[in-house]
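*Asks:* This is what each chain is made of:
Number of protein chains: 2
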Amino acid sequence: MATHPGPVPAPTLRRLPSYLRLLRSWQAEGRTGVSCTHLADALGQTATQVRKDLACTGVIGRPKVGYDLPELAVAIEKFLGWSKTNEAFLVGAGHLGTALLSYSGFKAHGLDIVAAFDIAPNPRGEIGGKQIFPMSKLADLVRRMGIHLGVLAVPEAAAHDVAQTMIAAGIDAIWNFTPARLLVAPNIIVENVDLAQSLAVLSHKLAEKRAQRWQVAPSPDPTHT
Amino acid sequence: MATHPGPVPAPTLRRLPSYLRLLRSWQAEGRTGVSCTHLADALGQTATQVRKDLACTGVIGRPKVGYDLPELAVAIEKFLGWSKTNEAFLVGAGHLGTALLSYSGFKAHGLDIVAAFDIAPNPRGEIGGKQIFPMSKLADLVRRMGIHLGVLAVPEAAAHDVAQTMIAAGIDAIWNFTPARLLVAPNIIVENVDLAQSLAVLSHKLAEKRAQRWQVAPSPDPTHT
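Protein chains in written order, with this note's numbering: chain P, 1 to 225; chain D, 1001 to 1225.
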C-alpha cells in the first residue's frame, strides 16, 4: 500500500495534512466516502491535483464512488509517519522552546517532545511536565533513550554549534526553528520552519492590497487633514 | 518595474526570500553580478525555475551577463513589500507571543510588531521594550495608529473570537500562529504558519530513513540482546 514511484515532492507532503484534517472532520460527521472533487472544492484546488497528491498513499479511488474515507485517512497518516510517534528532544528552553513544550497538539502529528535541554535550565527543572536537563546530559540521554529527532529552538547565534552537538550525540533529524541555515552532512535531515517564507506571502499580499486601496481612494480623507 | 501578468503563485513568493538571502550574502562578498545558474546551483533548483521566479520582479537579466546583483536584490525586496515596514499588533502575549515579540529579525522582513494585547497583560506591562495592553484597548489603538496587520498568537480555542475582534477593530491581514483555520471574509488576508505542514515533510523523511535503516540492518545488534 505504501509503494510509490520515486520521492514525493515536498508541496504534496505539505498538502497532505489539510486533506487529513478535512477527512477526519467529515468522518466525525459520519461520512464514509469521499471523492477528489469533494476535497478539491473544499480546499480550493483542482481535482487533478488532489488525485495526484493522494496517489502517493497507494489507496485507489473507484470511479463514480471515490475513496473509502477511513481507509484514505489511515493511509495518509501512515504515509506521513504519523501513525508511529517520534520521540524528540528539544534544545533551547527559552520563550519559543517553552511554547513548543507546552503545545499538546504535536502528538496527533506523530511528535512527542519527551524532554528539553538548556545551557541554563530552569531551576524548577520542568516545563509543562517535561524535564529540563543541562546540555551536558544531552549525549548520554540521546544514546540511552535512542532519540533520533531534535527540535532546535536556541538563539540564532548558537544554532550551528548546538546543531553540531546534537548530531555528534546521535540525532540525525533536526526540526530547525532558528533562522540559521544549518550546514550538515547529507544523511542528516533538516526541516526549517522558515517564518521569512510565510512573511513573504503575507507582506506581498498586503502590498498589493495597499496598492488597490490607493487606486480606489487616491486622496486622503479631508476630515482628517 | 513591478508590472507582471496575473497573480504570482505562492511557491514563487516562498522561494524569493532564499534568493534574497543569498544575493545579500554575495553582495557582502563584493559580487556585483549574478546569473540564474549561480542561484540555481546554490539552491539545488533548475535555472529555468529561477528565471521564472525572478520574472515577477520585472528585472531583466542580460544574455551571458546575468542580472545586476544590487538591482535584483532591491527589486525582490520591493516586490515582497519588505522595503516598507508594516507595523503590526500582536494578540496573545503567552510563551509564543513573547518569543515573537522578542525576536528582532522581523524588521529586515518589513515587519515591526509595535505593541501587544492580552486578556491578562503582564503586570510589568512590557516585553522586549514593547508595551502589553489589555484587549479592551485594541479597537481604539488600531484606529488611532492606523494598524492593518495583526499577529495572532492566542490559544487555539480563543482563535476565532479574537480574530473577529481584530477584524471588527479594522485589522485586515492576520498572521495566524494558531492551528485554527479562520473563517473570514474574502477581503481579509490570512497567512497561516502551519507547523503540521512542516511536520509532514519531517516525519515522512524520518519514516523513509527508518525504513532504509532496517533494510541495511534487518537483525538487531546481538551484543544488546
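Read the hints as simulated data drawn from the structure, not as lab findings.
Every residue, glycine too, gets a C-beta built ideally from N, C-alpha and C.
Among the hints, a few may not be true.
Examples of chain P residues lying across from chain D (beta carbon under 8 Å, computed) [as the list claims (entries may be wrong)]: (1) ALA10; (2) GLY81; (3) HIS109; (4) LEU111; (5) GLY146; (6) ALA200; (7) LEU202.
Derived pair list, reagent style PhoX-like, types lysine-lysine, alpha-carbon separation capped at 20 Å [claimed, not checked]: (8) P:LYS209 with D:LYS1078; (9) P:LYS107 with P:LYS137; (10) P:LYS107 with D:LYS1078; (11) D:LYS1078 with P:LYS84; (12) D:LYS1209 with P:LYS84.
*Asks:* Return the numbers of the hints above that this structure violates; sort them in rising order.
*Replies:* Failing hints, ascending: 5, 9, 10, 11.
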